[in-house]
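Asks: Chains as they are written, first to last, in my numbering: chain L, 1 to 108; chain D, 1 to 505; chain U, 1 to 77.
Read the hints as simulated data drawn from the structure, not as lab findings.
The model shown is predicted, which means the values in this text are computed figures rather than measured ones.
Treat the hints with care, as some may be off.
As the list claims (entries may be wrong) - Coverage of chain D stretches by chain U, computed from C-beta distances (three or more under 8 Å per stretch; other residues unrestricted):
id, stretch
1, 391 to 400
2, 413 to 427
As the list claims (entries may be wrong) - For each label pair, taking beta carbons as the anchor points, the in silico distance ranges come out as:
id, chain 1, residue 1, chain 2, residue 2, range
3, D, P419, U, L59, 25 to 35 Å
4, D, T479, U, E18, 26 to 36 Å
5, D, W370, L, P24, 31 to 41 Å
6, L, E27, D, W32, 42 to 52 Å
7, U, D55, D, N295, 49 to 59 Å
8, U, R43, D, G429, 31 to 41 Å
9, D, K464, U, E34, 20 to 30 Å
10, D, Q448, U, D55, 39 to 49 Å
11, D, D453, U, G9, 24 to 34 Å
12, D, D417, U, E34, 24 to 34 Å
13, D, D458, U, G21, 17 to 27 Å
14, U, E8, D, D86, 54 to 64 Å
Claimed, not checked - Sample of chain D residues with no beta-carbon within 12 Å of chain U, all distances over it, derived:
id, residue
15, M42
16, E446
17, D453
Glycine included, C-beta positions come from ideal geometry on N, C-alpha and C.
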Amino acid sequence: MVRLELMAGEQADAVAAAARKLTPLVEVEALPGLVSISAPGRLTVSCSDVSEELGEPWDTRQLQVILANYTGFITKMNEEGVELRWMEDQARVGESKELGGKAGHGAG
Amino acid sequence: MAQADTDRPSVREATQQTIQEQYKEFTRDLTWEPTYVAREDMYPPEHAEGVYFKDWDKFDDPFRLYYKDYVRVQEKKEQGLHMVFDHAARYDFLSRVEETWLEGMKLFACGQGQTEYETCKDHMAIARYSPAPALRAAALYQSIDELRHAQNYAHYLRYANRKLPGFSGWATLFQNHWLYQGIRDAFEDLLTANPFEAIIGANVVLEIGFTNLNFVALPTVGAANYEHAWAQLQLTTQSDETRHMAIGQAMMRTLLEADERNLPILQDWLDKWTWRLYRVDALGGSIFFDYFAKNKVMSYKEAFQKYFVDDFIGGLLNDLGPHGLKEPRFLQDMLDEMDVTSHLVWKYLYQRKKMLWFKTFQPDEEDIVWLKEKYPGWQELVGDFWDDVRAGKDVDNLGLVPVCHLCHVACIFHSPDRPTLRGPIEYDGRQYWFCSPGCQWIFEREPQKYLQDKTIVDLALEGKVPADLDEFLKFSGITDPSLGGDLYANGSGNGSGRSNGSGAP
Amino acid sequence: MAIYAFLEGELPPRHLPEVDGDTTVERAQEVVHEVFGADSSWRAVLSFNGVDLADPNALLSQYGISSEALINARPER
Numbered sequence: 001m002v003r004l005e006l007m008a009g010e011q012a013d014a015v016a017a018a019a020r021k022l023t024p025l026v027e028v029e030a031l032p033g034l035v036s037i038s039a040p041g042r043l044t045v046s047c048s049d050v051s052e053e054l055g056e057p058w059d060t061r062q063l064q065v066i067l068a069n070y071t072g073f074i075t076k077m078n079e080e081g082v083e084l085r086w087m088e089d090q091a092r093v094g095e096s097k098e099l100g101g102k103a104g105h106g107a108g
Numbered sequence: 001m002a003q004a005d006t007d008r009p010s011v012r013e014a015t016q017q018t019i020q021e022q023y024k025e026f027t028r029d030l031t032w033e034p035t036y037v038a039r040e041d042m043y044p045p046e047h048a049e050g051v052y053f054k055d056w057d058k059f060d061d062p063f064r065l066y067y068k069d070y071v072r073v074q075e076k077k078e079q080g081l082h083m084v085f086d087h088a089a090r091y092d093f094l095s096r097v098e099e100t101w102l103e104g105m106k107l108f109a110c111g112q113g114q115t116e117y118e119t120c121k122d123h124m125a126i127a128r129y130s131p132a133p134a135l136r137a138a139a140l141y142q143s144i145d146e147l148r149h150a151q152n153y154a155h156y157l158r159y160a161n162r163k164l165p166g167f168s169g170w171a172t173l174f175q176n177h178w179l180y181q182g183i184r185d186a187f188e189d190l191l192t193a194n195p196f197e198a199i200i201g202a203n204v205v206l207e208i209g210f211t212n213l214n215f216v217a218l219p220t221v222g223a224a225n226y227e228h229a230w231a232q233l234q235l236t237t238q239s240d241e242t243r244h245m246a247i248g249q250a251m252m253r254t255l256l257e258a259d260e261r262n263l264p265i266l267q268d269w270l271d272k273w274t275w276r277l278y279r280v281d282a283l284g285g286s287i288f289f290d291y292f293a294k295n296k297v298m299s300y301k302e303a304f305q306k307y308f309v310d311d312f313i314g315g316l317l318n319d320l321g322p323h324g325l326k327e328p329r330f331l332q333d334m335l336d337e338m339d340v341t342s343h344l345v346w347k348y349l350y351q352r353k354k355m356l357w358f359k360t361f362q363p364d365e366e367d368i369v370w371l372k373e374k375y376p377g378w379q380e381l382v383g384d385f386w387d388d389v390r391a392g393k394d395v396d397n398l399g400l401v402p403v404c405h406l407c408h409v410a411c412i413f414h415s416p417d418r419p420t421l422r423g424p425i426e427y428d429g430r431q432y433w434f435c436s437p438g439c440q441w442i443f444e445r446e447p448q449k450y451l452q453d454k455t456i457v458d459l460a461l462e463g464k465v466p467a468d469l470d471e472f473l474k475f476s477g478i479t480d481p482s483l484g485g486d487l488y489a490n491g492s493g494n495g496s497g498r499s500n501g502s503g504a505p
Numbered sequence: 001m002a003i004y005a006f007l008e009g010e011l012p013p014r015h016l017p018e019v020d021g022d023t024t025v026e027r028a029q030e031v032v033h034e035v036f037g038a039d040s041s042w043r044a045v046l047s048f049n050g051v052d053l054a055d056p057n058a059l060l061s062q063y064g065i066s067s068e069a070l071i072n073a074r075p076e077r
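With the hints as constraints, model all of the structure from the sequences given.
Replies: The following block contains the structure:
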């Protein structure tokens, strides 16, 4: 599982709703003060989806303010959004890494 | 009120640069090739500890942080946190916190800030000596983060100290009290490691593994006990950790993908630092889940299983297992202790309650029902002990016990069923005890680092730590002997609606 | 010199103050008893490395006990 753990509140709820749009198998769990958003293998959140849910502009810098924890590997964190995944199927020695920033997300 | 952050045009908007381009401009483009010294003099190769990597300019920071953005994000976090502190102070949140949890805060808060400060210094060293420009930049931000954490912990101390005793002796306590020497020594070990080992120890093991336990799981327990200010402090601290984690992960992945000869080096560091930090962090956190929390959320065992074993170890192996990374060498030993850790630590502290600056207490009937449910072996392990306490027997023991020469933690887990104690083992004419195979292995990997350490037992037998209780309290920074003891003895404690019916003497 | 005793059924081992290789077995038993909560219902039976410390007048060093040793103690009622 990959997971985002966010400080509970309006933004966290908007991120959870946005996550559901792109990742149907998302599970959302509430703990005191925390919202946990997890999915098997890959989790993608688009900034424009979050902005729409929230009703105001939102970007990944604001995510950083409420991001309490994550499990997985951040493969994208830019103007478009954030992606978390495990990369075991892409692990190859010598492969050049581009840790996000590209429009294409690579295989899988 | 200041203009909202989103209203100010960012550099990006002004210049039409992407985050990627700006990041490059403010990190890699600011580096230079030295002309007055050789590169190897600026970045001594021995600091790399044999790690194989060709082009450090290619190492990347997943968060792509640069200073203007960094300041903007951190400013928001600080405003948010200090608003909570303001509010908490104004409306006297401290008076609503469960009194048992507050005693725990005296232990947690007096030590935490100092470990953050140690890590700050550690990352300044990494920022100076790391050969990768992106890593130097990230380490610099991390050192500022850690200073932020140290300062915010100082702020918590100040906030609590206005209302309650037990928070003011932090400096001397950390230096002199036996209870803190384990965590202190672990961080000094990190500080004196070279940059790559320090990143694996701090950014990977500490900041993905153990902060998961103590900065994500534990705040939920704090919140359930109405300590919202501290819970927010933990969460906002952890939000910085997310950037640190990303550095650690990127480092592991980069090194493993670059050269398979890095595998045994990384595995070795992972093996060392998981055990090293487990011994102090997991042990310390365990009593908060199971004992200091009046209102329970999850047991230490559940939290350790979920946050450390499944999330951290599982995730790491999931991700890097294909490169040959294996589970940490002493993981099974940690799992073997899961059922007993918190109970043995709590009992040990209760027996030494006169030497502490916070109160400990008996678990009441409700607590015991929960404890037995979560830990089926509880009765056999410590049930008789607490029966003795309830019957009024004096269970105190202020004497010395064997202390591990590596981790500086008392060897309290050894038993015939769990024969973890190792020693005495002789090196260079001196005898050493180890609490566990893990600590012995760490010691023997590089004995020259640890040979000269003295434990609290060594110092006590040399007369450098007072044997007399009153002298010891003064020596440790405990200004008031009534800070320690049993929370419910003689009808003391604030009540908080809790009956004293457990029959404490 | 630190010598410790591990009392069966009690964790952790405890230091025996002012006990060294020149202490008699009998005196060591008394110290063990004091350190673990003296009470007339039991007495300490000591062993080291599987060998019972049977002679109360013998010195601990005669059983190979010196600095940093861990003696086993069994409570006998």
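Asks: All hints, please: hold or fail.
Replies: Here is what the structure says about each hint:
1. Only residues whose beta carbon comes within less than 8 Å of a beta carbon in chain U count, and the stretch 391 to 400 of chain D has 5; three or more means the coverage holds.
2. Against chain U, the stretch 413 to 427 of chain D contributes 7 residues with a C-beta closer than 8 Å to a partner C-beta. That satisfies the three-residue criterion, and the hint holds.
3. For D/P419 paired with U/L59, a C-beta distance near 28 Å keeps the hint of 25 to 35 Å intact.
4. Under the hint 26 to 36 Å, the C-beta atoms of D/T479 and U/E18, about 31 Å apart, fit the expected range.
5. Between D/W370 and L/P24, the C-beta spacing of about 37 Å keeps the proposed range 31 to 41 Å intact.
6. For the pair L/E27 and D/W32, the beta carbons lie near 49 Å from each other, so the given range of 42 to 52 Å is met.
7. In this structure the supplied range 49 to 59 Å holds for U/D55 paired with D/N295, their Cβ-Cβ distance being about 57 Å.
8. Between U/R43 and D/G429 the CB atoms are about 36 Å apart, so this pair conforms to the stated range of 31 to 41 Å.
9. A C-beta distance of roughly 25 Å is found between D/K464 and U/E34, which places it inside the suggested range of 20 to 30 Å.
10. Checked against the given bound of 39 to 49 Å, the beta carbons of D/Q448 and U/D55, roughly 43 Å apart, stay inside it.
11. Our hint of 24 to 34 Å for D/D453 and U/G9 holds, since their Cβ atoms are close to 32 Å apart.
12. Range check, D/D417 to U/E34: Cβ separation about 27 Å, and the 24 to 34 Å hint holds.
13. Separation of D/D458 from U/G21 is about 18 Å and conforms to the stated range, judged on CB atoms against 17 to 27 Å.
14. One distance hint, 54 to 64 Å for the beta-carbon pair U/E8 and D/D86, holds here, with the actual separation near 56 Å.
15. Listed as outside the interface, D/M42 is consistent with that label: its C-beta sits roughly 46 Å from the nearest C-beta of chain U, beyond the 12 Å cut-off.
16. With 12 Å as the threshold on Cβ separation, the claim that D/E446 sits away from chain U holds: the shortest Cβ distance comes to roughly 22 Å.
17. With 12 Å as the threshold on Cβ separation, the claim that D/D453 sits away from chain U holds: the shortest Cβ distance comes to roughly 15 Å.
Comparing the model with each numbered hint stated earlier shows that all of them hold.
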